[in-house]
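K.L.:
The chain contents come next:
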Amino acid sequence: MSGSLLDRKIESELAEGKRGWFSAFRQSRAFRTFVRDRAAVVALGVIAIYISVAVLIIGAQLVNAISGGRLSDTFIVKELSMERATERVGPDSMPGFFEQASPGKKIAQAEFYLTDIGRALQRTDPTSALEAVAVAERTVADLPVDQLRTLYAEAADQLELVDQLYLDLEILREDLAYARDDLELAETDEEAEELRAEIEELTADMPGAEADLFAAIEKLQADLDAVLPRPDGFDGFMYDMRLLLGTDSQGRSILWRAVYSIRVATQVGLVSAIIAVVVGAFLGSMAGFFGGWVDHAIVWLYSTLSSVPYIVLLTVVAFVFGSMEVTVPFTDGVKVHQTLIPMYVAFGVTFWIAPCRQIRGEALKIRSLDYVQSATALGAGRFYIMRKHIIPNVLFLVFINFSLIFIGAIKSEVILSFLGIGVQGQPSWGVMISESRGEVLKQFFWQIGAATAFMFGLVLAFNVFSDALQDAFDPKHAR
Amino acid sequence: MWAYVLRRILYNIPVYMGVILFLMILLRLTDPVTAYLGKYPTYDQYLTKRTDFGLDKPLLGDWQIGGRTWQARESGIGGSYLEKGRGTGKGWVQWTFDLPAGTYKVQATWPSIVDDQGNAKSVGEAGLVWVRLIEGELALKTVSMDQTRPARSVEIDGVGWNDLGNVDLSTGEPLTIRVLDDSSQGAVIDAIRVEPVRVGEGELSVPFVADADPQAANVEVVDDPWTFGGFVRSLYDNQYFAALGRIVTLRFDQKSWSVESQSVGDIISTSIVPSLSVTLPVLILTTLISTSLGLVASFNRGRPLDRGVMFMAVLGMSISYLVYVIVGQYFGAQWPRLAFDFEFFAVSGYEPVLPMWSDVQMHLQDKGLEDPGFFRTLWGWIAAVPGAIAGWPKYCLLPVSIGVIVAMGYDTRFYRAVMVEECNKDYIRTARAKGASNRRVMYRHMLRNALIPIITRVMISLPFIIMGSLLVEIYFRIPGMGQQLFTAITNKDFPVVEAITALLAALFIITNILTDVLYAVVDPRVTLK
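Protein chains in written order, with numbering that gives the first Met the number 0: chain A, 0 to 478; chain B, 0 to 528.
I should point out that these hints are in silico values taken from the structure, not numbers from a laboratory. A virtual CB, placed ideally from N, CA and C, is assigned to each residue, including glycine. Incorrect hints may appear among the rest.
[What the hints assert, rightly or not] Result set (BS3-like, lysine-lysine): computed pairs, CA atoms no more than 30 Å apart in a straight line:
hint : chain 1 : residue 1 : chain 2 : residue 2
1    : B       : Lys424    : A       : Lys364
2    : B       : Lys424    : B       : Lys38
3    : B       : Lys393    : A       : Lys441
[Unchecked claim] Computed footprint of chain B on chain A; a stretch qualifies when at least three of its residues, placed anywhere within it, have a C-beta under 8 Å from a C-beta of chain B:
hint : stretch
4    : 30-41
5    : 436-442
6    : 447-454
Using the sequences plus the hints, can you model the full thing?
P.N.:
Structure, rendered in structure tokens:
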């Protein structure tokens, strides 16, 4: 009752006062400290970019789902759909924009395109079969079938020639290596002399053979372009963008996958952080403020949960909820497998402990402060004190924990995906990094590099941001 | 102090009991026996796995007062089906038929429900339910029905039936079909169908269906009723106390399910040394390096050195652990091999860092000693230690360096923050005013006072450091605890998973208590109230 009295007093004060909450916030010490930190403002911008991309992707998919697929041909909806991130856009393991593919790789790429065309030309109805041969924006040239056939034959011949040249070069290299080995083992001077002459001869042949091969490969690519011309204009731009960071081992665009993964990461991070922070803040402030058996029960709960090895908890929860089906809203009972829900549950269960612990400690401290004591003496109710004194004073911990859990969730997703219990059926940075294990051994770094770079941007921004938050809100936080 | 320690221990007992209960419930959300054995085990396999780990007992008291009798429900074929909660084969429902000699095909069905999307599922959701086919007194066979799904292997007149196989009747004794309640969750049965396949001339040759009707003359229902004695017994003779007892007495002699020759204790004891050979160096090196970095950074607060260290720490924290492992393995082991023919680190694998006791014994026996005796073996073991340790860098140095690099970012930041807080305290100013040198202030005053947070962090990371190296252990194929636990989870090796997790939880709680004790030792101000 007296609580409401105090309440009214403060309300009237606020009504008379000139400051609204927004201007109060802008004049607060925390806000000013935060804005002074230039890195933090940049980080906030980066986070905003990532989150808006994620919102854009989710929005496009929602629009698609609500419209029942009628808008699926719209440019944005199409480009942001999951199909784009999981379809084939070229030969496998293509390097990105500045790395030259090795001759062997280039031949394999040409072969990839030519095989499909050759197969289509052998069909009884080549025209429609050729139409189906389309890799991303690259389609078969708009020419009569006979002309295409001759062009294709030319390219195929060239491919054979290139293959032969490549083989020759390999043999040359091998011979050279053998001769060098033999030279080390040579017993007599004559033998050594002979071998030296041979090596010289082979070395002299080398540049010629290489030049031949490169010229032939260039010709092959020109031939291929005649059959399967590179698109120009806007299509050409999109095609180049798709191959900007190369393709993965299944010929999917690495750039598209990395961008699409922003959605998964943001979703996992946001939802887990919201669950963890809300549960943690609620239980923590309850424990700290009420004390007694409530405190004992909550402390027991989190001591118990935190004694279970994190990975076991994640694995079991992911295993139990892994086969769950979810009905998509706004649709006629469309069911989805392989959702992110097991990860939300797993992260929610594990991550709420840290905010709960911290907020409980802070609430315990605030409860014994003089002004809270005097509020109690004035007759303020528990919920009034909770609302006016405890919650505003622990709010900074909520924000800081939110951004720390966000990072934790994104990083744990990678590990879970590596263990095979994380994201399934859609691209994510974790899936990309674990898929790139074999590629790294073959010295293909584009996939792991792209996923790491995209993830690095977001996590670094959040790290800087949470540091700045701590500086801004926690006066004691040492800088 | 002892009263305090005792109180801490007493306080942690309910926490630990809660941990074990929580873990046991989590691990039993799916039936461990059927998860391990798959869909088509034999009854013997099923019984062995269930009883040898005590999974037929209730988890903690048998609260299923109503679920212990067969309940008739109105639905299904003939208007009724029978349903019962979990049991251990003591209750059953059986049909007896007087049939002429010949071969008969037996089928069974159980009710299923169809949801709005047209997906059918079993009412029982019981996993495996067992049916025993008996001729007279002689049990012919025991076959399983997978009741996680509707019975659908054959469809006759719009009803799905599950084949239980053929029986040959030759003695003229009656055929008994007995549905056991031997299931971890429950059993349902709707009807039994018997179809003559090959019978004597002029004899009955029409297939017939028998409903699960408790009133019928040839149906016998045997319950496993709730008794007070049984209930009281379940309060102490249950899985939960059995598990607690195993932990308290450190008795890990149950057999592992996936590696029959090894007991759980064998697996744990062989994996401790590999785990420690990676994690202990990581812990020590990280603590040493990051405390000194933190000390230096805090001492140069605001200067380029500090900023540089902190910047590197944040950069390092922003890259995924997995990337460090993948790239580290490539550039540490694979790339030097390809580029310079330099093979210092193994790509993956492990050799014992400490000689195995049994290996030494065997070696001595090979040399002609029948019974080497303890001291001789010990001497041989000590002699073998340097050789074994010399193999450590090849297999473990790379994982250790990766672990240190990963952990350093977090720890340096933490220790710097701790030191900076100490820097601002009065006693540092006093020490300086007194004319103490920088070095003296740093090591004698600051580091000593910062020991409490350092100890806390190190102690808290102790139990997790065993699990923390899970990724490294899997990637570099080091057979430590983390890898064993992961293998056990993927193999559904239930006893091993339960033992390792329970042990880790115990370790966590012990270190918690130790941390409190250490506070008192380090800091005289801490009053142990």
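K.L.:
Please go over all the hints and tell whether each is borne out by the structure.
P.N.:
Do the hints match the structure? See the list:
| no. | hint | verdict |
| --- | --- | --- |
| 1 | B/Lys424 <-> A/Lys364 | holds (21 Å) |
| 2 | B/Lys424 <-> B/Lys38 | violated (67 Å) |
| 3 | B/Lys393 <-> A/Lys441 | holds (23 Å) |
| 4 | 30-41 | violated (count 0) |
| 5 | 436-442 | holds (count 3) |
| 6 | 447-454 | holds (count 3) |
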